[in-house]
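Working from the sequences, and respecting the hints, build out all of it.
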Amino acid sequence: DADGSTRGEAYVVVQHPFKRVVAALGSADHWCDILILHVNTKYCRPAVGAPGNSMLQVAMGRKFEQDLDDAYQVDFSYRKLHSDDKLLQVELDAASGPMGTRDYRIQLEAVPLTGEQSFIHLSYAYSYGVSARLAMQAYLATMGSSKVGFTVVSHNSAGEPEYIEGVRGAVERNTLRYSLAIEAYLGAWSAAPDQRTEKRLRDWFAATERHPLQLHEMELDEYLTMKRNEIRRQEEPIAK
Numbered sequence: 299d300a301d302g303s304t305r306g307e308a309y310v311v312v313q314h315p316f317k318r319v320v321a322a323l324g325s326a327d328h329w330c331d332i333l334i335l336h337v338n339t340k341y342c343r344p345a346v347g348a349p350g351n352s353m354l355q356v357a358m359g360r361k362f363e364q365d366l367d368d369a370y371q372v373d374f375s376y377r378k379l380h381s382d383d384k385l386l387q388v389e390l391d392a393a394s395g396p397m398g399t400r401d402y403r404i405q406l407e408a409v410p411l412t413g414e415q416s417f418i419h420l421s422y423a424y425s426y427g428v429s430a431r432l433a434m435q436a437y438l439a440t441m442g443s444s445k446v447g448f449t450v451v452s453h454n455s456a457g458e459p460e461y462i463e464g465v466r467g468a469v470e471r472n473t474l475r476y477s478l479a480i481e482a483y484l485g486a487w488s489a490a491p492d493q494r495t496e497k498r499l500r501d502w503f504a505a506t507e508r509h510p511l512q513l514h515e516m517e518l519d520e521y522l523t524m525k526r527n528e529i530r531r532q533e534e535p536i537a538k
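In this note's numbering, the protein residues as written are 299 to 538.
These aren't lab readings, by the way, just hints derived from the structure by calculation. A hint or two may mislead.
Said to hold, decoys possible - Under the rule of at most 16 Å between Cα atoms (straight-line distance), these lysine to aspartate or glutamate pairs were calculated in the EDC-like manner:
| id | residue 1 | residue 2 |
| --- | --- | --- |
| 1 | K361 | E517 |
| 2 | K378 | D391 |
| 3 | K445 | E460 |
| 4 | K378 | E389 |
| 5 | K317 | D383 |
| 6 | K317 | E414 |
| 7 | K378 | D327 |
| 8 | K497 | D331 |
| 9 | K361 | E528 |
To be verified - With beta-carbon atoms standing in for the labels, derived distance ranges:
| id | residue 1 | residue 2 | range |
| --- | --- | --- | --- |
| 10 | P510 | R305 | 20 to 30 Å |
| 11 | W487 | N338 | 17 to 27 Å |
| 12 | L511 | V310 | 12 to 22 Å |
| 13 | A436 | A489 | 39 to 49 Å |
| 14 | A345 | Q435 | 30 to 40 Å |
Glycine included, C-beta positions come from ideal geometry on N, C-alpha and C.
Listed below in structure tokens is the structure:
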């Protein structure tokens, strides 16, 4: 977190063959199934973008059910930069986002490992101005005051770890949430087609609950109800 921009990185070994990773992550259509798992994603639908590019119409909001009119629309361009039997590179970017944030970029690289494994590098970044910084400071002083990330910055007198707070903590949480969403999406490919959505939701929630200090937001029933409703809603194009 420096000079008005933030960036988070995740490096993951997934228990899925590279061909499955390419089939799942090399298409813009599948990325909405990934992004909607995140608690703050309220809507996601593929659309036609600039020539040669796909676009994802995304609405970002609060960690509870809300009308789309109360959420922030973010239009992501999707580009597959490289794809062969040794490397997959894709990028999603958006010029603007909520509360004055801008230059959103989600980048993914994947390579095959031996056997049925693949290696994924995910990065999540955005920039912010004065208004966005003030909004983030207000959030961190109120609803987000108890939120922490994953980097250990010190230990207390009992020897227990103390974790990074503030903007960096928020970026670390979001980076891991997106990483876990990718893993949940890949894992659901083993289920019957009509069972994949439910498996993705439950697997993503279970994965976040392994990190309750950082990622717990609600109980399972509340999450499932919210996401089922949001997934049904995104079957219709977003109103302009």
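Against the structure, the hints come out as follows:
Proposed proximity of K361 and E517 is supported: the alpha carbons are some 12 Å apart, at most 16 Å. Of the supplied pair hints, the one linking K378 and D391 holds, its CA atoms being roughly 12 Å apart against a limit of 16 Å. A hinted pair counts as satisfied when its Cα atoms are at most 16 Å apart, and K445 with E460 qualifies at roughly 12 Å. Straight-line distance between C-alpha atoms of K378 and E389 comes to about 7 Å, which keeps the hinted pair within the 16 Å bound.
Our distance criterion of 16 Å between C-alpha atoms is met by K317 and D383, whose separation comes to about 8 Å. With a C-alpha separation of about 10 Å, the suggested pairing of K317 with E414 holds against the 16 Å cut-off. A hinted pair counts as satisfied when its Cα atoms are at most 16 Å apart, and K378 with D327 qualifies at roughly 12 Å. Between K497 and D331 the CA atoms are separated by roughly 12 Å; this keeps the pair inside 16 Å, and the hint holds.
For a cut-off of 16 Å, the pair hint linking K361 to E528 stands: about 12 Å separates their Cα positions. Here the CB-CB span from P510 to R305 is close to 25 Å, well matched to the stated 20 to 30 Å. The hinted range of 17 to 27 Å is satisfied by W487 and N338, whose Cβ atoms lie roughly 25 Å apart. Checked against the given bound of 12 to 22 Å, the beta carbons of L511 and V310, roughly 20 Å apart, stay inside it.
Take A436 and A489: their Cβ atoms lie about 42 Å apart, and the range 39 to 49 Å holds. Checked against the given bound of 30 to 40 Å, the beta carbons of A345 and Q435, roughly 34 Å apart, stay inside it.
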